[in-house]
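Colleague: Please take these sequences and the hints and turn them into a complete structure.
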Amino acid sequence: MIKTVPMKRVVIIGDETVEYRLVKEIHDIGATGYTYYLVRGGGAMGDRPRHAEPGNAKIEIICTPDLANRVLEHVSTNYFGNYAMIAFLDDVQVIRGEKFGATDA
Amino acid sequence: MIKTVPMKRVVIIGDETVEYRLVKEIHDIGATGYTYYLVRGGGAMGDRPRHAEPGNAKIEIICTPDLANRVLEHVSTNYFGNYAMIAFLDDVQVIRGEKFGATDA
Amino acid sequence: MIKTVPMKRVVIIGDETVEYRLVKEIHDIGATGYTYYLVRGGGAMGDRPRHAEPGNAKIEIICTPDLANRVLEHVSTNYFGNYAMIAFLDDVQVIRGEKFGATDA
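Residue numbers (numbering that gives the first Met the number 0), protein chains in the order written: chain A, 0 to 104; chain B, 0 to 104; chain C, 0 to 104.
Don't read these hints as lab results, they were simulated from the structure. A virtual CB, placed ideally from N, CA and C, is assigned to each residue, including glycine. Among the clues, some could well be false.
Stated by the list, open to error - Capping the alpha-carbon separation at 30 Å, the derived lysine-lysine pairs in DSS-like fashion look like this: (1) B/Lys23 x C/Lys23; (2) A/Lys23 x B/Lys2; (3) C/Lys23 x A/Lys2.
Unchecked claim - Here are some chain A residues the structure puts well away from chain B; computed CB gaps all over 12 Å: (4) Lys2; (5) Thr16; (6) Val17; (7) Tyr19; (8) Arg20; (9) Val22; (10) Lys23; (11) Gly29; (12) Thr31; (13) Glu97.
Modeller: Here is the structure:
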């Protein structure tokens, strides 16, 4: 099998204008890359049904566990109180791990 | 590390008109949120190559294992016989688990 | 719980023109389906900040471990030296595994 390195995939979904600002902040926190999607819906709206409502975006970051934690702490501290956002993470195996900050890639 | 709660991520990819209808049905089944993407291709078409064919969509739902099962049973029973759809799920760790129905979040 | 079969989810993100060509090559390698997204950003740009730069795409393939390996070997051999691409994989549980080449589905 091709060589891979374990990393975290962090996903943050929310209002497009907030997500756009968040891209810059995530860069300042230390993420060297991200993927940005325009989406509909947004997840976990509770009692605010937003089906078919436009204007949301999804940010996806592949990074080390430490950076994942810092990004999620930032989002939790600065956005979760006032914005309808969701955030989650899981494990992925990346090719060329050194691009993501792996020290043993 | 920031506190997380385990949830399921359910993905359903298929024809855009079917996916749009499915959003409403998934809401009725109990999902409080979803993310909806317009995509090309569609996965696992068997002998029907659809590369570069437009008109597909992807629904992604973060939810409890129980709700994931009910959504997939619904899709399997009502759509798989007649539509070129694919569905799969995996595990994610969410922030603010109470938004997704976690009882211990 | 609904019956599922373990498969790999392969993700390749890069320049849209390269990704478009890659779809054809992945088909020749044996993938019967894929999902194609237009995205912004692209992940792991190193010292080339491309925030808000358009023109990237993401290919997602659900397939057997063997096919996942062949696709990633192809991308690694033919593209990684000259293109700013990232690739990673993880595990998913699919419904109707026979669509993805599972022999015991």
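Colleague: Would the non-interface assignment of A/Lys2 survive a Cβ cutoff of 12 Å against chain B?
Modeller: Consistent with the label, A/Lys2 stays out of reach of chain B, its closest Cβ about 22 Å off (over 12 Å).
Colleague: Non-interface claim for A/Arg20: all C-beta distances to chain B beyond 12 Å?
Modeller: holds (18 Å)
Colleague: Quick check for students: does the CB of A/Tyr19 sit more than 12 Å from each CB in chain B?
Modeller: holds (17 Å)
Colleague: Looking at A/Val17 again, its CB stays over 12 Å from all of chain B?
Modeller: At about 15 Å from chain B, A/Val17 clears the 12 Å cut-off, so the statement holds.
Colleague: Taken at face value, is the distance from the CA of C/Lys23 to the CA of B/Lys23 at most 30 Å?
Modeller: violated (35 Å)
Colleague: Verify this label for me: A/Thr16 is non-interface relative to chain B, using a Cβ-Cβ cutoff of 12 Å.
Modeller: Given that every Cβ of chain B is farther than 12 Å from that of A/Thr16, nearest at about 17 Å, it holds.
Colleague: Does the no-contact call for A/Thr31 survive, Cβ to all of chain B over 12 Å?
Modeller: holds (21 Å)
Colleague: Regarding the assertion that A/Val22 does not contact chain B, is the least Cβ-Cβ distance greater than 12 Å?
Modeller: holds (18 Å)
Colleague: For C/Lys23 and A/Lys2, compute the direct alpha-carbon distance and say whether it is at most 30 Å.
Modeller: holds (24 Å)
Colleague: At 12 Å, judged by beta carbons, does A/Glu97 keep clear of chain B as stated?
Modeller: Check passes; 24 Å lies beyond 12 Å.
Colleague: Non-interface claim for A/Gly29: all C-beta distances to chain B beyond 12 Å?
Modeller: holds (16 Å)
Colleague: Quickly compare the C-alpha distance for A/Lys23 and B/Lys2 to 30 Å and report which way the hint goes.
Modeller: Satisfied, since the Cα-Cα distance of roughly 24 Å is no more than 30 Å.
Hint compliance for this structure: hint 1 is the single one not met.
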